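Produce the complete structure using the sequences and hints provided.
Residue numbers (my numbering), protein chains in the order written: chain A, 1 to 358; chain B, 1 to 358; chain C, 1 to 358.
Simulated from the structure, these hints should not be mistaken for lab results. Fair warning: this is a prediction, and the values are worked out from it, not measured in the lab.
Since the list gives no way to pick one copy over another, a pair counts as held whenever it fits inside one copy or between any two copies.
Straight-line distance between alpha carbons at most 30 Å, and here's what the computed BS3-like set of lysine-lysine pairs gives:
(1) K209 <-> K45
(2) K64 <-> K208
(3) K54 <-> K8
(4) K37 <-> K208
(5) K209 <-> K37
(6) K312 <-> K297
(7) K351 <-> K329
(8) K8 <-> K28
(9) K104 <-> K208
(10) K45 <-> K64
(11) K208 <-> K128
(12) K312 <-> K329
The residues making up each chain are set out below.
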Amino acid sequence: MITAEVIKDLHSSDLTYISGSLQSVATKVLPPELADKDVLVFVSKADQLEAALKAQAPIVVAHKSLSLPAHGSQSLPNDTGTTFFQTGSVQLAMAAILPLFDGKMNRFNQEEKIHPSACIHPTAHLGKNVYVGPFAVIGEHVRIGDYATIGAHTVIECYATIGDHTLIHPQVFVGAYCELGAHCEIHPHTTIGADGFSFAPTREGVHKKIPQIGKVVIGDWVELGANCAIDRAALTETRIGNGTKMDNFCHIAHNVIIGEHNVMAAGFKIAGSSTVGSHCMFGGDTVVSDHVTIVDKVIVGGKSGVSNDILKPGAYAGYPVEPLRDNMKTLATFGNGNLPRMRKDIARIIKHLGLKEE
Amino acid sequence: MITAEVIKDLHSSDLTYISGSLQSVATKVLPPELADKDVLVFVSKADQLEAALKAQAPIVVAHKSLSLPAHGSQSLPNDTGTTFFQTGSVQLAMAAILPLFDGKMNRFNQEEKIHPSACIHPTAHLGKNVYVGPFAVIGEHVRIGDYATIGAHTVIECYATIGDHTLIHPQVFVGAYCELGAHCEIHPHTTIGADGFSFAPTREGVHKKIPQIGKVVIGDWVELGANCAIDRAALTETRIGNGTKMDNFCHIAHNVIIGEHNVMAAGFKIAGSSTVGSHCMFGGDTVVSDHVTIVDKVIVGGKSGVSNDILKPGAYAGYPVEPLRDNMKTLATFGNGNLPRMRKDIARIIKHLGLKEE
Amino acid sequence: MITAEVIKDLHSSDLTYISGSLQSVATKVLPPELADKDVLVFVSKADQLEAALKAQAPIVVAHKSLSLPAHGSQSLPNDTGTTFFQTGSVQLAMAAILPLFDGKMNRFNQEEKIHPSACIHPTAHLGKNVYVGPFAVIGEHVRIGDYATIGAHTVIECYATIGDHTLIHPQVFVGAYCELGAHCEIHPHTTIGADGFSFAPTREGVHKKIPQIGKVVIGDWVELGANCAIDRAALTETRIGNGTKMDNFCHIAHNVIIGEHNVMAAGFKIAGSSTVGSHCMFGGDTVVSDHVTIVDKVIVGGKSGVSNDILKPGAYAGYPVEPLRDNMKTLATFGNGNLPRMRKDIARIIKHLGLKEE
Numbered sequence: 001m002i003t004a005e006v007i008k009d010l011h012s013s014d015l016t017y018i019s020g021s022l023q024s025v026a027t028k029v030l031p032p033e034l035a036d037k038d039v040l041v042f043v044s045k046a047d048q049l050e051a052a053l054k055a056q057a058p059i060v061v062a063h064k065s066l067s068l069p070a071h072g073s074q075s076l077p078n079d080t081g082t083t084f085f086q087t088g089s090v091q092l093a094m095a096a097i098l099p100l101f102d103g104k105m106n107r108f109n110q111e112e113k114i115h116p117s118a119c120i121h122p123t124a125h126l127g128k129n130v131y132v133g134p135f136a137v138i139g140e141h142v143r144i145g146d147y148a149t150i151g152a153h154t155v156i157e158c159y160a161t162i163g164d165h166t167l168i169h170p171q172v173f174v175g176a177y178c179e180l181g182a183h184c185e186i187h188p189h190t191t192i193g194a195d196g197f198s199f200a201p202t203r204e205g206v207h208k209k210i211p212q213i214g215k216v217v218i219g220d221w222v223e224l225g226a227n228c229a230i231d232r233a234a235l236t237e238t239r240i241g242n243g244t245k246m247d248n249f250c251h252i253a254h255n256v257i258i259g260e261h262n263v264m265a266a267g268f269k270i271a272g273s274s275t276v277g278s279h280c281m282f283g284g285d286t287v288v289s290d291h292v293t294i295v296d297k298v299i300v301g302g303k304s305g306v307s308n309d310i311l312k313p314g315a316y317a318g319y320p321v322e323p324l325r326d327n328m329k330t331l332a333t334f335g336n337g338n339l340p341r342m343r344k345d346i347a348r349i350i351k352h353l354g355l356k357e358e
Numbered sequence: 001m002i003t004a005e006v007i008k009d010l011h012s013s014d015l016t017y018i019s020g021s022l023q024s025v026a027t028k029v030l031p032p033e034l035a036d037k038d039v040l041v042f043v044s045k046a047d048q049l050e051a052a053l054k055a056q057a058p059i060v061v062a063h064k065s066l067s068l069p070a071h072g073s074q075s076l077p078n079d080t081g082t083t084f085f086q087t088g089s090v091q092l093a094m095a096a097i098l099p100l101f102d103g104k105m106n107r108f109n110q111e112e113k114i115h116p117s118a119c120i121h122p123t124a125h126l127g128k129n130v131y132v133g134p135f136a137v138i139g140e141h142v143r144i145g146d147y148a149t150i151g152a153h154t155v156i157e158c159y160a161t162i163g164d165h166t167l168i169h170p171q172v173f174v175g176a177y178c179e180l181g182a183h184c185e186i187h188p189h190t191t192i193g194a195d196g197f198s199f200a201p202t203r204e205g206v207h208k209k210i211p212q213i214g215k216v217v218i219g220d221w222v223e224l225g226a227n228c229a230i231d232r233a234a235l236t237e238t239r240i241g242n243g244t245k246m247d248n249f250c251h252i253a254h255n256v257i258i259g260e261h262n263v264m265a266a267g268f269k270i271a272g273s274s275t276v277g278s279h280c281m282f283g284g285d286t287v288v289s290d291h292v293t294i295v296d297k298v299i300v301g302g303k304s305g306v307s308n309d310i311l312k313p314g315a316y317a318g319y320p321v322e323p324l325r326d327n328m329k330t331l332a333t334f335g336n337g338n339l340p341r342m343r344k345d346i347a348r349i350i351k352h353l354g355l356k357e358e
Numbered sequence: 001m002i003t004a005e006v007i008k009d010l011h012s013s014d015l016t017y018i019s020g021s022l023q024s025v026a027t028k029v030l031p032p033e034l035a036d037k038d039v040l041v042f043v044s045k046a047d048q049l050e051a052a053l054k055a056q057a058p059i060v061v062a063h064k065s066l067s068l069p070a071h072g073s074q075s076l077p078n079d080t081g082t083t084f085f086q087t088g089s090v091q092l093a094m095a096a097i098l099p100l101f102d103g104k105m106n107r108f109n110q111e112e113k114i115h116p117s118a119c120i121h122p123t124a125h126l127g128k129n130v131y132v133g134p135f136a137v138i139g140e141h142v143r144i145g146d147y148a149t150i151g152a153h154t155v156i157e158c159y160a161t162i163g164d165h166t167l168i169h170p171q172v173f174v175g176a177y178c179e180l181g182a183h184c185e186i187h188p189h190t191t192i193g194a195d196g197f198s199f200a201p202t203r204e205g206v207h208k209k210i211p212q213i214g215k216v217v218i219g220d221w222v223e224l225g226a227n228c229a230i231d232r233a234a235l236t237e238t239r240i241g242n243g244t245k246m247d248n249f250c251h252i253a254h255n256v257i258i259g260e261h262n263v264m265a266a267g268f269k270i271a272g273s274s275t276v277g278s279h280c281m282f283g284g285d286t287v288v289s290d291h292v293t294i295v296d297k298v299i300v301g302g303k304s305g306v307s308n309d310i311l312k313p314g315a316y317a318g319y320p321v322e323p324l325r326d327n328m329k330t331l332a333t334f335g336n337g338n339l340p341r342m343r344k345d346i347a348r349i350i351k352h353l354g355l356k357e358e
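Below, the structure written as structure tokens:
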């Protein structure tokens, strides 16, 4: 149960209180089409605003482009009985308000913050206010920062470090010596610090394992989705910079260096020793080959294959990758039966001209 | 050790007892080429039937298109010493008979049905005849239906519900508030209810997390392979309808709605807010973009990319997706060195005609 | 802290001691550009050798094509103060030396080799010198070979067998009756022996499960990366031969037979009943369809789709797959805006010739 007052008290720069009672109460958040008398609603279009008002939604957060109805004075209810906030970005407003409705930390609450079934090595150092879930395993000399949460069944091997406020969901693996920064969130079944894939072929065609003695170093505010795998470096560090966010099923090979504030959609894969700058975005299922360099502010569409360096900021897509605008034309040509038609046309022309087949 | 009588007593509409002793005994099931005197064999071709008879297989289940040898009277052994059943679908006959040979539930048997090492919250409700394996974690107010099985190391967070007869293998994650129907089967390392991938970009290019406060709702008779990930909705529900089956490594993003009785092969990925109807099939590694609608009875071949709505039932494939028949022609043109040849031919024609390069 | 003497005492056929003190000591291994006075360095190029010498690296392992500076006699320090080894393959030299610097087994060390929290069935047989980590679950009649390591939270179901010296990392699943050979290494969150994906459609479009009563059989010296899934066979065996190495996220469907000494990069997927010979290599994200045969010594590039048999050794790529050389030309033609240009050229020629559109 959240009051408008609590929202106003967030003092978020992405939210402006406009009008209506600060005692208005919402118990949940739903899309405009499901608005009801106890539902907070975010609206970015006029018809959504109308739906919210019709349903007498108690609190409405509206994009500033919408004109709000009949305001009363700031501290009094407006005519609609709805309390209004305005925002320049509905998404940022959601980022600010939804934590109030997210019971996420309740999942980890338990009678004793450190669950008695957890297996914690006596040399491990746990900061203050750390949660450790049932059956978590925390190895020798591990360091866990203040206010960190370690989910049930998560394994953190020896000498790994976890930053302050980082939330690791259940069933995550963090290998020996790996480092996670502060304010990260790691989803279930993600593997951090398995071996890089590296074998030395003998003359007989047998592959001898090259031990991977490096580690993974992850910055602050990094989020990794479910079932990802970030391999440890051969000798040094596989790195993911501050603020980078990855969806489910991302694969980061050994010695990859990824910069800051990137976004990778589900199934992104990047092979060994490649580097990505900062402020990049990658669509789903895109693959980057090994030893490739991608600079800052590059966008690559989904299902692409990047085999060569991308040294200029911009939007790209395809396999081989080309500027996005070109790729849209390529795809438009490729589909719709065009290719076989082109082939036929060429045969027709050659026949018409009496040219020889080559 | 299964007798022909036990198979007859299944009273399956997909099986007709033809002839031979009901006391015939098989201890295992193998393909026709490995038939032996203790092996039940399914046959759909004449040479398979021959192989089974030559090996004196005790029980043969034959497709009805095959003519069986020299029957005796129904209650007496036939001349071959083999007991015969007929079926209109060997696959359905396998679905009916193989559970008799599948020791799957033996994997979960233990002295005490609820393993003493499991960590079960006192407010959780477990139905009758529930198995809970070692180190399973069952959170506050979870509800587990009758005859459900919860594998070792599986984590079921608070307020989640699991339907009757549902089998969850070891090491599965079911997040808070998620709902699974009855008779489902979920394989290891699958993640149900990790956060949807959603961030609000600031002007500085930083991505602020939008909490995902919705859930996942899965119908009855759903099967999810190993290492899948089904994300919880932003505000509402990610849904998978009754009878839908997914292979390993499927990714279902937040707010996706999937209908009933679909089949998704390994590596199927579908991005946020897309919807799939019922009775569809998707080949391996196919990707569906966000906000796409696919109607009922659509088949999409493997390695396809669906970026636009598919509003007519039928078979499709490719990237961009096109009708399957067209795509087969596109692929036939694309490979085999055709494309470079076409390019050369065009250059040759342009030269021949004395046209200008553009 | 490793001395040159210890390295010499490896008696590796891939290493020749050349000169310098055998008391030289290295505490770590880093790439040449990070060489320092306590760092062992592998060098394959002249500038790397120079960097290592400038940094006074105590031990240098150099490719035999490089000429080493001013040797002293074999048992005395050379002029540089560096101890030199030569190798015909830097990779093989790394495979030989890096285990000395790899603390991997330290991750598994614990006061009691069999962690008291592990849940081991009384009928399971453990060989000598076996490690079992916290919360591991080992089922009825499982057999674990000598010197095997079972990581924390790993589940090994009934009747499975694990060979000598095999290392299973934490959070792995090995299903009932599956067999792993000796000297294997299996990374976290890998699923061995989930059900193959097999359903019998009814006339009503409902899919009935066909139980999968086969198993997985894995040879010796096999490595599986993190988050892989190897499905059990329908009736018989899914097989992976000796020495085959798979990267993260590989998917091996039921009844697949994979030979020896293959290398599969991340995201390799192979559908049901296909077979791969020996000494093959597959690039990342490559998909092989069902019932396909691939012979020995085949290389398939990344992002390829193999829908038909490959019956001749050689290098291939693309979708549809073609000889690698052809595919490089196909890709060169496909990208760079060529395809739309070709289409325009054809239209231009048709217009120029006054041909009818077809």
